[in-house]
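Since the structure of chain S is already known, use the hints to place chain G on it.
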Amino acid sequence: MQQLTMGQAVNQALREEMLRDFNVFIAGEGVGVSIHDNPLMPTAGLLKDFGPERVKDTPVSEAAIAGLAVGSSVMGLRPVVEIMFNPFVTIASDMIVNHAAKLRYLSGGKSTFPLVVRMKSGAGFGAGCQHSHNLEAWMAHCPGLKVVMPGTPADAKGLLKSAIRDDNPVVFIEDMMLYFIPGPVPEEEYTIPIGKADVKRVGSDVSIVSWSKMVGVALKGAQILAENGVDAEVVDLRTLLPLDRETLLTSVRKTGRLVVLHEATRTGGFAGEICAIVAEDALNSLKAPFRRVTGPDIPVPFSPPLERFYIPDENNLVEAVLGIM
Amino acid sequence: MPRKAINLTCKVEYLSILDETGKLDKKLDPSIPDDLLLRLYRAMLLARRFDERMLVLQRQGKIGTFAPIKGQEAQVGAAAVLEPGDWLVPSFREMPSELWRGKSMESVLFTYGGYNEGGYIPEGINNLPVSIPVGSQTLHAVGLGYAMKYRGDKSVAMVFFGDGATSEGDFHEAMNFAAVFRTPTVFMCQNNHWAISVPRSRQSHSKTLAQKALAYDMPGIQLDGNDVLAVYAGAKEAVDRARSGGGPTLIELVTYRMSMHTTADDPKKYRSEKEVEEWEKRDPIVRFEKYLRGRNLLTDAGVEEMDEDVRNEVREAEERWLEQIGKGVDPLDMFDHAYAEMPPSLRAQKEELERELSEKKR
Numbered sequence: 001m002q003q004l005t006m007g008q009a010v011n012q013a014l015r016e017e018m019l020r021d022f023n024v025f026i027a028g029e030g031v032g033v034s035i036h037d038n039p040l041m042p043t044a045g046l047l048k049d050f051g052p053e054r055v056k057d058t059p060v061s062e063a064a065i066a067g068l069a070v071g072s073s074v075m076g077l078r079p080v081v082e083i084m085f086n087p088f089v090t091i092a093s094d095m096i097v098n099h100a101a102k103l104r105y106l107s108g109g110k111s112t113f114p115l116v117v118r119m120k121s122g123a124g125f126g127a128g129c130q131h132s133h134n135l136e137a138w139m140a141h142c143p144g145l146k147v148v149m150p151g152t153p154a155d156a157k158g159l160l161k162s163a164i165r166d167d168n169p170v171v172f173i174e175d176m177m178l179y180f181i182p183g184p185v186p187e188e189e190y191t192i193p194i195g196k197a198d199v200k201r202v203g204s205d206v207s208i209v210s211w212s213k214m215v216g217v218a219l220k221g222a223q224i225l226a227e228n229g230v231d232a233e234v235v236d237l238r239t240l241l242p243l244d245r246e247t248l249l250t251s252v253r254k255t256g257r258l259v260v261l262h263e264a265t266r267t268g269g270f271a272g273e274i275c276a277i278v279a280e281d282a283l284n285s286l287k288a289p290f291r292r293v294t295g296p297d298i299p300v301p302f303s304p305p306l307e308r309f310y311i312p313d314e315n316n317l318v319e320a321v322l323g324i325m
Numbered sequence: 001m002p003r004k005a006i007n008l009t010c011k012v013e014y015l016s017i018l019d020e021t022g023k024l025d026k027k028l029d030p031s032i033p034d035d036l037l038l039r040l041y042r043a044m045l046l047a048r049r050f051d052e053r054m055l056v057l058q059r060q061g062k063i064g065t066f067a068p069i070k071g072q073e074a075q076v077g078a079a080a081v082l083e084p085g086d087w088l089v090p091s092f093r094e095m096p097s098e099l100w101r102g103k104s105m106e107s108v109l110f111t112y113g114g115y116n117e118g119g120y121i122p123e124g125i126n127n128l129p130v131s132i133p134v135g136s137q138t139l140h141a142v143g144l145g146y147a148m149k150y151r152g153d154k155s156v157a158m159v160f161f162g163d164g165a166t167s168e169g170d171f172h173e174a175m176n177f178a179a180v181f182r183t184p185t186v187f188m189c190q191n192n193h194w195a196i197s198v199p200r201s202r203q204s205h206s207k208t209l210a211q212k213a214l215a216y217d218m219p220g221i222q223l224d225g226n227d228v229l230a231v232y233a234g235a236k237e238a239v240d241r242a243r244s245g246g247g248p249t250l251i252e253l254v255t256y257r258m259s260m261h262t263t264a265d266d267p268k269k270y271r272s273e274k275e276v277e278e279w280e281k282r283d284p285i286v287r288f289e290k291y292l293r294g295r296n297l298l299t300d301a302g303v304e305e306m307d308e309d310v311r312n313e314v315r316e317a318e319e320r321w322l323e324q325i326g327k328g329v330d331p332l333d334m335f336d337h338a339y340a341e342m343p344p345s346l347r348a349q350k351e352e353l354e355r356e357l358s359e360k361k362r
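Order-wise, the sequence lines are chains S and G.
Residues in the first sequence are numbered from 1 upward in steps of one, following the numbering used here.
Residues in the second sequence are numbered from 1 upward in steps of one, following the numbering used here.
Chain S on its own, in the form it takes in the complex (with noise of 0.2 Å):
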C-alpha cells in the first residue's frame, strides 16, 4: 500500500475527482501559485496539471471565495473552496451558515448547492490564535451542513472525495499537523461514507471517542493504557454532522466508560454533545461518570512551550481514564 501524508492524499482526492468530473474547481488563497512550493501540501501541482480556469487564485476575500462556491454552485458545479485556516471561516461565515446551509431548505429543495469548504485547523505550530483555533462546534451547530474531520490520510481521501460528490454543502477540516505524517493508502479507488464512524482499535474497558489529530494521540494513550491492564477502545467520529450515534452507542454500551477527547476548548465543545447523547441513551451502561480531556478554555498560547501544555497528550488522556477504572 502507498504510503502518503494527509496533504497527498487530500490532493490525490483532489485530482481524481477532478479528472472524474469537469464540474470539480477549486479556488482560494494560494490553491494555485503558493508561497510554501512544498509538495506535501494540499493543492500541490493543481495548477499545473489542470490550468487557471480549474484551480483559482482568488483575491483575499473569505466572504466572496465561499459566496463564489455557494453562487458556482447553483448552476450545478461542485466548488472545492479554500479557507486557509479555520479562524478565518468567521470572515466567511455569513456565507456558510447562512447561505451554502440554508438555501437548499428555503428553496424547497429545488436548488442544491454541493459545495465543499476545505480548512486547515490545528495548534502545534506557535502560530498563535488567530491561525490555531479549532471551531468544529461552531460549524456543527449548523442544519444543513455536514461537518467532516478526518484523522488519518486514507480517512482524508474517501471521505474528501464523498464530500465532492455529496448533494449537500460539507465543511472539511484538516488538521495541519497531519500534513505531515505519512500513513498507508490503498492504491484502488474507493470512498468513504460521510456520517460514519470507525473503531480504530477495539477494547472493551473504555470507550475512548476522539476525532482529527486526536485520534493519534488516542492511539497513543491506548498503547500506554494497554501496558498498565487497561483494554481501551478508540472510536474515530470522522464526521460531526450528521453524527454516527449508532458506532457511539454500541461502543459505550459494551465498555461502559467514556472518555472524550478533543483539542478545542471545552466549554461549549463537542464533547458535550457526546457526553450528552450518551447520558440520555446509555447512561445505565455506565459504570463510572464520563470525562472529557481537552484543550483549556483560553486562546492558543503563542509561545511554542506554552501551546504544548495547551494541546492534550496521551498522558492527559492516560490520567483521565485511570481516573475512572
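Hints are not guaranteed to be accurate.
[As the list claims (entries may be wrong)] Have a look at the derived ranges for each label pair, beta carbon to beta carbon: (1) G:Ser104 with S:Asn38: 53 to 61 Å; (2) G:Arg202 with S:Pro299: 34 to 42 Å; (3) S:Arg20 with G:Asn116: 31 to 39 Å; (4) G:Asp240 with S:Asp21: 50 to 58 Å; (5) G:Asn116 with S:Val199: 38 to 46 Å.
None of these hints come from the bench; they were simulated from the model.
From the three backbone atoms N, C-alpha and C, an ideal C-beta is built for every residue, glycine too.
Okay, now just chain G, sitting in the frame of chain S:
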C-alpha cells in the same frame, strides 16, 4: 521620485428619458415595442396594487412583516431585459421583478404568511430565494456568473440590493471578484434614499453610489430609477455587455421608498412629509401613464379596464392562497429539504414529532 497625477478616466453618467411630466427625450428613446410598453405598465400597476393589498393583509394580521415596494415599480424595466435562462438574485424589495420573472403572487403571500412553501422556486424559473442578510446576495451573483463563464454559457446574473448594502463588505468583495474574474454580473443598486431609518447622505460620503464602480474599473451608471424607459435602456446596455463577455456593470437606480422600510416601522418618525410629497410628484407609474396616454397607447377607459383587471388578478391570487392554506399543512414537512437525504439523527427527531402528533390526536 516625482509626485505626479495618475490620469484615470472617470465618468459617471446620469440617464433619464421620460421627465416627470411624461415627456420623452426622443434622442434617447430605447424604441421599446408597444406591446412590451403596455406589459411593463401593467406589471408596474399590478405590483402597486398587490403591494397595497399586502399592506391591508398585514394590518389585518393575516400576513407578517414585509418590505413594501411602493415607488420602486420601475425596476421591472431591468427584469424585462433578462432572458429565462438568466438568473435574478433579489433582495427583499424586488417583488415586482420576481413577479415579472414568473413567481406567483400566492407564493409571495406564502412567504410573508410564514409558510416555507413561499421560498420554493417553481421549476424553470431562475430566481434565487430572497436574501435577508443585507448585501449577501451580491456574492451569490458573482458565483453564478463565474459558473456561467466556466461552462461557456452566455447567461447573465442580475443582482438587486439597496443603497445600504453598499456599506457592507460583501458588496465590495463581490464587486472586486466580479471585476477580477470578469463575470457576467449586473449589480443593480436601488438607491431609494433610506436604509431603514438612515438617509442616503449618512450612508456613504460618495457623491454617487455609481462611482464606486470606478474603484473596481468597471462601468458605473446612474439611472433615473422612476423612469422605466431609462431603467430598461441602462439595464439592456449592461446585460448586453455582460452577455458578450464585457464583464460586470454597477447600475444605481435613483428612486425613492415612498412607504415604510418594513411594516414594522413608522417612517414619520425619521423623515419629513415634505420630502415624501416631493417624490410623489415623480411617481414612476403616473409618469409612464402620461407618456402612454400621450402616445394614445392608453385611454381613460383602457386605464380603468386594466386597473380592474389587475385588482381581479390580485383578488384571485389571494383567494387561491386562502384556499391552499385552508387545507392546512403537515407539520412533519418541516423536516424535509434540510439535506438531500435525511440523516438518521434527523429522522429520529421527525419521528419524535410524529409520535407527539399522533398522541394529540388520540
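Hint by hint, here is what the structure shows:
1. G:Ser104 with S:Asn38: 53 to 61 Å: holds (55 Å)
2. G:Arg202 with S:Pro299: 34 to 42 Å: holds (36 Å)
3. S:Arg20 with G:Asn116: 31 to 39 Å: The hinted range 31 to 39 Å holds for S:Arg20 and G:Asn116, with Cβ atoms some 35 Å apart.
4. G:Asp240 with S:Asp21: 50 to 58 Å: violated (33 Å)
5. G:Asn116 with S:Val199: 38 to 46 Å: Roughly 39 Å apart at Cβ, these two residues keep to the hinted range, so it holds.
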